Amino acid sequence: MPPKAKFDRAKLQDAALSIVDGQGLQALSMRTLAAALGTGPMTLYNYVRDRSDLDALVVEAVMSKVRLPRESGAWQADVRAIVEATWRTVRRHPNVIPLALTRRTLHETTLEWAEALLRALARSGRTGVDLLVAFRTVSGFVMGLAQAQLADPLSPQEDGANPDVKRVQALAAERFPRLIEIAGAAAKVGADKEFRAGLDIVMAGLCNEGKSDARH
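In terms of our numbering, the sequence shown is residues 133 to 348.
No lab work stands behind these hints: they were computed from the structure.
In this text the structure is predicted, and so the values were computed from the model without any measurement.
There may be inaccurate statements among the hints.
[Unchecked claim] Derived EDC-like pairs: lysine to aspartate or glutamate, alpha-carbon spacing no greater than 16 Å straight-line:
#1 Lys-197 x Glu-244
#2 Lys-197 x Glu-240
#3 Lys-143 x Glu-244
#4 Lys-325 x Glu-216
#5 Lys-298 x Asp-284
#6 Lys-197 x Asp-153
#7 Lys-197 x Asp-182
#8 Lys-197 x Asp-146
#9 Lys-320 x Asp-296
#10 Lys-143 x Asp-185
#11 Lys-298 x Glu-313
[What the hints assert, rightly or not] Pairwise CB distance ranges (calculated):
#12 Ser-184 x Thr-269: 24 to 30 Å
#13 Leu-243 x Leu-311: 38 to 44 Å
#14 Leu-238 x Ala-283: 23 to 29 Å
#15 Leu-303 x Arg-223: 44 to 50 Å
#16 Glu-247 x Arg-224: 49 to 55 Å
#17 Ala-254 x Lys-325: 19 to 25 Å
Glycine included, C-beta positions come from ideal geometry on N, C-alpha and C.
Using the sequences and the accompanying hints, generate a full structural model.
Structure (structure tokens):
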């Protein structure tokens with residue numbers, strides 16, 4: 133009989149996420165994770181193969197914290213509820229956002245999240261390619277907007293203080309009028325308000341596409 137595992141996956145996830153939340157992605161390594169768990173780096177190779185596995189731990193940890201809502205029967209409401217729950221969770225862990233876009237994992241936590249969103253979208257009547265496209269569009273919106281707000285110099289700041297906005301507003305008005313326009317908007321809107329406005333656009337598109345398909 134093989135020896136009982138010293139650590140379960142959830143414990144590894146929590147420790148990895150704690151490091152990334154507190155010190156950033158660059159601080160996560162076999163050595164720092166081992167230290168956080170009170171063991172030696174070589175022990176971790178029984179659980180984690182390489183850097184890609186380390187990164188997957190962090191993504192899994194965040195996705196495990198998404199509280200999926202109960203199905204209501206109304207697909208639009210369920211999609212919104214899942215997306216909003218995901219947004220709230222991802223925003224609490226900004227250092228993980230770049231990984232959420234680039235690392236894929238087949239861990240149960242991410243599979244359950246994906247299946248819940250797919251079930252909601254499928255109740256709109258979508259199947260096959262249409263379901264795939266809708267899923268990628270919705271999930272991409274959440275992670276993509278979170279990344280855009282993290283990296284974009286015009287991203288909304290909750291305290292309203294963003295020096296890059298003033299720099300854009302000082303550009304030549306005859307050459308960059310629309311950039312100046314959205315810089316002013318960025319100075320006024322908060323991250324959550326921008327998210328909800330964007331989600332309204334995505335949901336309107338999904339609903340209108342469904343009506344168009346029904347007519348044909």
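Here is how each hint holds up against the structure:
For the hint linking Lys-197 to Glu-244, the alpha-carbon distance of about 12 Å falls within 16 Å, and the restraint holds. Proximity of Lys-197 to Glu-240 is assessed by CA-CA distance (about 12 Å); at most 16 Å being required, the pair is judged to hold. Taking the CA atoms of Lys-143 and Glu-244, the gap is about 19 Å. The hint is violated against a cut of 16 Å. Using a Cα cut-off of 16 Å, the hinted pair Lys-325 and Glu-216 holds, with the two alpha carbons roughly 12 Å apart.
Restraint check for Lys-298 and Asp-284: the C-alpha separation of about 14 Å stays at or below 16 Å, so the hint holds. Distance check on the hinted pair: Lys-197 and Asp-153 sit about 14 Å apart at the alpha-carbon level, within 16 Å; holds. With a CA separation close to 24 Å, the supplied pair Lys-197 and Asp-182 exceeds the 16 Å bound. The suggested pairing of Lys-197 with Asp-146 holds, with an alpha-carbon distance near 10 Å, which does not exceed 16 Å.
Proposed proximity of Lys-320 and Asp-296 is supported: the alpha carbons are some 14 Å apart, at most 16 Å. Between the alpha carbons of Lys-143 and Asp-185 the distance comes to roughly 14 Å, so the proposed pair stays at or under 16 Å and holds. Of the pairs offered as hints, the one joining Lys-298 and Glu-313 holds, with about 12 Å between alpha carbons and a cut-off of 16 Å not exceeded. Between Ser-184 and Thr-269 the Cβ separation comes to about 26 Å, which falls inside the hinted range of 24 to 30 Å.
A hinted range of 38 to 44 Å for the beta carbons of Leu-243 and Leu-311 is consistent with their spacing of about 41 Å. Roughly 27 Å separates the CB atoms of Leu-238 and Ala-283, a value that falls within the hinted 23 to 29 Å. A hinted range of 44 to 50 Å for the beta carbons of Leu-303 and Arg-223 is inconsistent with their spacing of about 29 Å. At about 23 Å, the beta-carbon gap between Glu-247 and Arg-224 misses the expected band of 49 to 55 Å.
Ala-254 and Lys-325 have their C-beta atoms about 30 Å apart, which leaves the hinted 19 to 25 Å range violated.
Violation of the numbered hints given earlier is confined to hints 3, 7, 15, 16, 17; the remaining hints are satisfied by the structure.
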